[in-house]
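Novice: Based on the provided sequences and hints, a complete structural model is requested.
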Amino acid sequence: MVMTEPATRKAPKQTSDEPAEGSVPVQAEEMELVKRARKGDLPAYDDLVRRYQERIYATVYHMTANHEDANDLAQEAFIKAFHALRSFKGGSSFYTWVYRIAVNKTINFLKQRKNKAHLSLNDLDLNAEHDPDLVALISEKTPRREVNLAELQEKLNIAMQKLSEPHRLVVTLHDVQGLSHEEIAKIIDCNIGTVRSRLFYARQQLQAYLSDYLK
Amino acid sequence: MNPQPENFEQLRRLLIVKRHERPPPGFFDDFSRRVILRIKAGDLGDEAVGIGPWFWNTPWLQRFFSALEQKPALAGAFSLSVCGLLLAGILCSVAPADPGRPDLVGGSQSLAAIAVPQVAEPSPVFVSSTNGVLPGPLQNSMFQQLGTSQVQPRLIRVSESVMEQ
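Keeping their order, the protein sequence lines are chains W and V. If you want the numbering used here, it's the 1-based position in the first sequence plus 1338. If you want the numbering used here, it's the 1-based position in the second sequence plus 5.
Treat the hints as calculated values from the structure; they're not laboratory data. All residues carry an ideal CB built from backbone N, CA and C; glycine is no exception. Honestly, I wouldn't trust all of these hints.
Unchecked claim - Derived pair list, reagent style DSBU-like, types lysine-lysine, alpha-carbon separation capped at 30 Å:
#: 1; chain 1: W; residue 1: Lys1500; chain 2: V; residue 2: Lys76
#: 2; chain 1: V; residue 1: Lys45; chain 2: W; residue 2: Lys1373
#: 3; chain 1: W; residue 1: Lys1427; chain 2: W; residue 2: Lys1373
#: 4; chain 1: W; residue 1: Lys1427; chain 2: V; residue 2: Lys45
#: 5; chain 1: W; residue 1: Lys1377; chain 2: V; residue 2: Lys45
To be verified - Reference listing, derived: stretches of chain W covered by chain V, where coverage requires no fewer than 3 residues with Cβ under 8 Å from a Cβ of chain V:
#: 6; region: 1383-1394
#: 7; region: 1426-1436
#: 8; region: 1458-1472
#: 9; region: 1489-1503
Specialist: Okay, structure coming up:
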């Protein structure tokens, strides 16, 4: 029995910094940068890094729950991508390709790090306290309404670390980063059904781990 | 079969917390510069270290090892076949050649005979280290040869006339 997420569920709203995959001028500009970088033009590659550094870092950070590890891995992913640019055929966008490198590197790292997880969490930004959804969540009259954001953040990260790497990855890419199922399928090189199935099970597990906060 | 629709709305609202996690201020201002500096310094990341990157960039090998991890029976069968091959290899290398088979090396020498050199061992003579008398007469000793030989010493007479010259 294969359990998949209901197809009627709407994909999360894309954040403003999502890659404009359908945007031809942006892709053309990006391909031009890639061509220049392939010839050793470091300023061109610097431009590419600046475009995607936040998203790559964030993905690695949400997977590792450790700022220092995320910093190292994100840098190494970009370095590896630079040296592997010759093998980039342009079949996918540069964004998807570099994402795939970062994800593979992170999963490799996590397999080696197994059972040695050490949280080094980033601070929450000031907007967190004014986010209407979060305000509603912690001010609801639940048995845990006294919970503060920092505690919630820690519990959430601990719960995320309990998920297997493939499940954590789809939750990170979809529910935290806001990527679509199709984009995730391209990045992790599997079909959309697998992405939906993993997302469903990951959410079920997270819901169980965080039941105190979801009453 | 699809599962019953579950309400993950609250969970998704909770996960919003993670979107507000930010690295220290100014972290991204310097990020690309550090990457470029490492590239200029010839840093290959972890490319040159061990076989790890090669392994993780080889999809069929990844799939094979993940299959081994997930299926203990497959792992057992694989290890048995590896052991079998190893055993067969060892047996083939030490077994004497079949006399019925044509000799690959030539002649009547078997592979084993060639591989192990035959060294003629001297017959052991046990002599006590505390006994000063040898158990038997010395054979072929140098003194015996001198005693039994018929060689006469040659006398060279030096004449007086030669001495005078």
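Novice: Each hint: holds or not?
Specialist: Each hint, compared with the structure:
1. W:Lys1500 - V:Lys76: 22 Å, holds
2. V:Lys45 - W:Lys1373: This hinted pair holds, its Cα atoms lying about 18 Å apart.
3. W:Lys1427 - W:Lys1373: 11 Å, holds
4. W:Lys1427 - V:Lys45: Given that 30 Å is the threshold and the Cα spacing comes to 24 Å, the pair holds.
5. W:Lys1377 - V:Lys45: Distance of about 14 Å is within 30 Å: holds.
6. 1383-1394: holds (count 6)
7. 1426-1436: violated (count 0)
8. 1458-1472: Check passed, 10 qualifying residues.
9. 1489-1503: Contact hint for the region 1489-1503 of chain W vs chain V: holds, 5 residues under 8 Å.
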